[in-house]
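Trainee: The chain contents come next:
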Amino acid sequence: MPKQSKLRFNKFGSGILKGMSVTMKNLLGRAITTSYPEHKLVVSKRFRGNDFVWYPDKCTGCATCAKSCPQGNVKVVTKRGEENAYDVETFEIDTGRCTFCGLCVESCPYDALCLGREYELAQYRRGGLVLSKKDLLESEARQPSGYFRPKIEKKLPKQTLLLERAGRKKSKNGSSA
Amino acid sequence: MEVRTEPFVLNLGPHHPSTHGVFRMRVTFDGEVVTDVEPMFGYLHRGIEKLAEGRTYTQIIPLTDRLDYLAAMSNNWGYVMAVEKLAGVPVPERAEYLRVICGELMRIASHALATGFLINELGAFFTPLMYMYREREKILDLFDMLCGQRLTYNYMRIGGVSHDAPPEFFPAVKQFVREMPSYIDEYEGLITTNEIVLSRTKGVGVLPRNLAINASASGPFLRASGVQWDLRRKDPYSIYDRFKFDIPTGQNGDVYDRYWVRINEMRQSVRILEQALADIPKGDHRSRVPHLLRPPVGEVYGHIEAPRGELGYYLVSDNSIAPYRFHVRPATMINLTTLRELAVGWKLADLIVIFGSIDVVLGEIDR
Ligand code: SF4
Ligand code: SF4
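The listed protein sequences correspond, in order, to chains F and R. Each number in the numbering used here comes from the position in the first sequence (counting from 1) with 43 added on. Each number in the numbering used here comes from the position in the second sequence (counting from 1) with 2 added on.
If we strip away everything but chain F, and leave its shape as in the complex, we get (with noise of 0.2 Å):
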């Protein structure tokens, strides 16, 4: 025997009506929304992008960020240099292998390698994921992000936050920040 659900209004579909109003409310007041490629919005302080930023002359090669990889991602070649130091001759990290998890930032003693505030990054081919050392180093594209890093975190310009720009009335006069 089928179940059957029963249709039941109830004062002339005043259910719907009130969805309706929700509706209405919501279609007068301001979008909410970014159109993306030309508005963009500013990423957390902490932001763990789709980048990486290394810098060779903190980085000792002690291969810590390698070791608490859970990907196996971090590739360092050292080789031995003057006064017990190693030379760093490979420095590599595949990002299309990375999950972005952060344990080769939180983990580096010295420093040398910060995640990325970049996210636009897709590649043509698979070989333009890998990047080496050269690739890593600190430019205007590619800054680094503060995460595990509260110097560089305190620099940061606010993140935008959809909380502020889609409260409620009492938002206007400013949040008690």
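These are computed hints drawn from the structure, not numbers from a lab. Be aware that one or more of the hints could be misleading.
Only some residues are given here: those of chain R computed to face chain F with a beta carbon under 10 Å [as the list claims (entries may be wrong)]:
no.: 1; residue: Q61
no.: 2; residue: P168
no.: 3; residue: L192
no.: 4; residue: I336
Pairwise CB distance ranges, derived in the manner of DEER restraints [what the hints assert, rightly or not]:
no.: 5; chain 1: R; residue 1: R290; chain 2: F; residue 2: K118; range: 24 to 32 Å
no.: 6; chain 1: F; residue 1: T77; chain 2: R; residue 2: R48; range: 29 to 37 Å
no.: 7; chain 1: R; residue 1: M132; chain 2: F; residue 2: E181; range: 50 to 58 Å
no.: 8; chain 1: F; residue 1: K68; chain 2: R; residue 2: K52; range: 45 to 53 Å
no.: 9; chain 1: R; residue 1: P92; chain 2: F; residue 2: T76; range: 43 to 51 Å
no.: 10; chain 1: F; residue 1: E183; chain 2: R; residue 2: A280; range: 43 to 51 Å
no.: 11; chain 1: F; residue 1: H82; chain 2: R; residue 2: T339; range: 45 to 53 Å
no.: 12; chain 1: R; residue 1: A280; chain 2: F; residue 2: E126; range: 50 to 58 Å
no.: 13; chain 1: F; residue 1: T103; chain 2: R; residue 2: P292; range: 17 to 25 Å
no.: 14; chain 1: F; residue 1: Y153; chain 2: R; residue 2: G228; range: 56 to 64 Å
Where a beta carbon is used, it is the ideal one built from N, C-alpha and C, also for glycine.
Place chain R with the ligands on chain F using the hints.
Mentor: Relative to chain F, chain R with the ligands alone:
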């Protein structure tokens, strides 16, 4: 004269917008009426349990993000809690508060989505869902501020959380908590008294109380059947014994009650958030834990009340840097086992609504 029809077998999914990911149901129909449902999963199997056995305890945390990806914070939390129990790691007070704040924000985000998908399943394709996405987006922004990602947080650490909250975090959460009740009212305006919703959900897909308990269902799915069972109360973990909140329960265990329970749980989460924000102490956010943790030989089961029900982690340690066995008890997989009992006798369109009301996440089911 009675017309006899042949039973008709339909493979619903794995690529179907209403299967919430890649899930296949082998449904047998008599005309339009469902006579049998056979859930088939495994399309999203990534071998997370096995992968975890080859990783250190810290490296597993990003894996847990990928279980229930709509409530990744709760997954992080359940896992680190199990490890802390196993290794006897203390957690600073402030970290516990931050975890509660994240856990409850995650619950709101997850339930908002579950509510939105209910209307989606009823045929209002994605437009009304955007109301719920709006609040979820605000919460994701807040998490982004904390840990730099919107979905795969990797925020909790063994013995605390990875970062302390930045100064602009608490005012923003306070604003969110202040505004959220009015948004929940808005959802209710859209759904609670809507005649179409009522007639499609009341009395549909009833899960009787006994069956719910016997199937060891949990979460809002269980509570909708009138069982007052919430791990935050029944086995208070973390600091949940300090907060005042109610456990909403349904009466009939139908699709409507599941929706109703979720709406009310969001209100309770707002209440918990208010209390947690008022009491949060200053101090450390992370205790010192060796980089390569070696818990003593033994086994542990740690469970939390995730948005979808009881999420448990079972770990066996052999005193090495990686667990010997890592097992997840996913809430929705166990809830899903009742699908046949719920759906047989209903029509195809109702099957979709019933399935949606379980609120499954395939990442967690297939692992
Ligand atoms: S972010 Fe995570 S996955 Fe990526 S290289 Fe660093 S440790 Fe490895
Ligand atoms: S980036 Fe940091 S952790 Fe990695 S090799 Fe250099 S100094 Fe060591």
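Trainee: Indicate, hint by hint, whether the structure satisfies it.
Mentor: Cross-check of the supplied hints:
1. Q61: The hint holds - Q61(R) has a Cβ within 10 Å of chain F, the shortest such distance being about 4 Å.
2. P168: holds, 7 Å
3. L192: holds, 5 Å
4. I336: Hint on I336(R): violated, closest Cβ of chain F at ~25 Å, above 10 Å.
5. R290(R) with K118(F): 24 to 32 Å: For R290(R) and K118(F) the Cβ distance comes to about 30 Å; the hint holds.
6. T77(F) with R48(R): 29 to 37 Å: Given range 29 to 37 Å: holds, Cβ gap about 33 Å.
7. M132(R) with E181(F): 50 to 58 Å: At roughly 39 Å between Cβ atoms, E181(F) and M132(R) fall outside 50 to 58 Å, so the hint is violated.
8. K68(F) with K52(R): 45 to 53 Å: holds, 51 Å
9. P92(R) with T76(F): 43 to 51 Å: holds, 45 Å
10. E183(F) with A280(R): 43 to 51 Å: holds, 45 Å
11. H82(F) with T339(R): 45 to 53 Å: The hint (45 to 53 Å, Cβ to Cβ) holds, given that H82(F) and T339(R) are roughly 47 Å apart.
12. A280(R) with E126(F): 50 to 58 Å: Holds: the Cβ-Cβ distance is about 56 Å, inside 50 to 58 Å.
13. T103(F) with P292(R): 17 to 25 Å: 22 Å Cβ-Cβ, so the 17 to 25 Å window holds.
14. Y153(F) with G228(R): 56 to 64 Å: With Cβ atoms ~58 Å apart, the hint holds.
When each numbered hint is compared with the structure, violations occur for hints 4, 7.
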